[in-house]
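**Q** From just these sequences and the hints, can you work out the full model?
Letter by letter, the sequence shown follows residues -21 to -1, 1 to 240 in mature numbering (1 follows the signal peptide of the UniProt record, and there is no 0).
Treat the hints with care, since some could be wrong.
[What the hints assert, rightly or not] EDC-like cross-link-like pairs, simulated, lysine to aspartate or glutamate; straight-line CA separation at most 16 Å:
| hint | residue 1 | residue 2 |
| --- | --- | --- |
| 1 | K15 | E53 |
| 2 | K15 | E27 |
| 3 | K183 | D225 |
| 4 | K63 | D20 |
| 5 | K33 | E43 |
| 6 | K183 | E229 |
| 7 | K45 | E55 |
| 8 | K222 | E206 |
| 9 | K45 | D32 |
| 10 | K15 | E55 |
No lab work stands behind these hints: they were computed from the structure.
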Amino acid sequence: MKMTRLVIFVWALFISCFVIAAPNTEYRLGPGDIVKISIYDHPDLSTELQLNDKGAVAFPLLGEIKLLGLQYTEAEALIAGNLKKGGFVNNPNVSVMISQYRSQRIAVIGEVNRAGRYALEGATGLIDLIAIAGGLNSSAGDAIIILRGPERIEYSLSQSMKSLNESQRNMAIASGDVVYVPRAQQFYIYGEVNRPGVFRMEPKMTVMQGLALAGGFNPRASQRSIEIHRADQYGVITTIEAKLTDFLLENDTIFVQESLF
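**A** Structure, rendered in structure tokens:
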């Protein structure tokens, strides 16, 4: 698991160098975006405009032009066509670049270093987004939850890293998504072990594996007197006589009793 988290961190750091800096030609313009429109050899027509709530801009000479949902090249062709059709510029060479991304926004919450709201810069994957949010912090678990309207999507980092499919390794994020990184599941070990305390839980972890994380039994331990204290949904605690092969649940407490001899 430590190796998986290291690979994810390095991958996210690598991607972040490009996600922020590289413009995405597939990005589609939307309300709130600010675009810089340049007309070659006609600096008087070059301007910077913000798309209104309808996804349109008020361009000099042409009036309101709707750019909603257009890619850069499509917006350039539309403006050039209107300039030529209106007789304002012969064979216009138009460039459209985005100055500020504002129309497609998502939220990242939970165990990341910079939780908050972010604007998507075109097609963005989940790993890209985690990189933009500063990566996972030390408390993050393996699972990431994406809330997309009424839909809840659960994504496993460790499983996705094993996939050969790029779309599964770096799941696409959509405007309006809320990405939640939960805290890692934990369990507790007290009593006659070498390193009592709180430990990170891994999938299908057994009592034996948990004890190994705690450094094993100390010389005073009764290896046959192991208890699991487990709380139900109402907070009622049940004491279970544990076997080494028993599986642990989140927030379980393992207690190793002292030997009488």
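**Q** For every hint, state whether the structure bears it out.
**A** Hint check:
Taking the CA atoms of K15 and E53, the gap is about 15 Å. The hint holds against a cut of 16 Å. A distance of roughly 4 Å separates the Cα atoms of K15 and E27; the hinted pair therefore holds under the 16 Å criterion. A hinted pair counts as satisfied when its Cα atoms are at most 16 Å apart, and K183 with D225 qualifies at roughly 9 Å. This hinted pair checks out: K63 and D20 have alpha carbons roughly 14 Å apart, not beyond 16 Å.
Taken as a hint, the K33 and E43 pair is honoured in the structure, with Cα atoms around 10 Å apart against an allowance of 16 Å. Taking the CA atoms of K183 and E229, the gap is near 11 Å; set against the 16 Å cutoff, the hint holds. Restraint check for K45 and E55: the C-alpha separation of about 12 Å stays at or below 16 Å, so the hint holds. With a C-alpha separation of about 9 Å, the suggested pairing of K222 with E206 holds against the 16 Å cut-off.
For the suggested pair K45 and D32, the alpha carbons sit about 11 Å apart, so the restraint of at most 16 Å is met. For the hint linking K15 to E55, the alpha-carbon distance of about 11 Å falls within 16 Å, and the restraint holds.
Against the hints set out earlier in the document, no violation occurs for any number.
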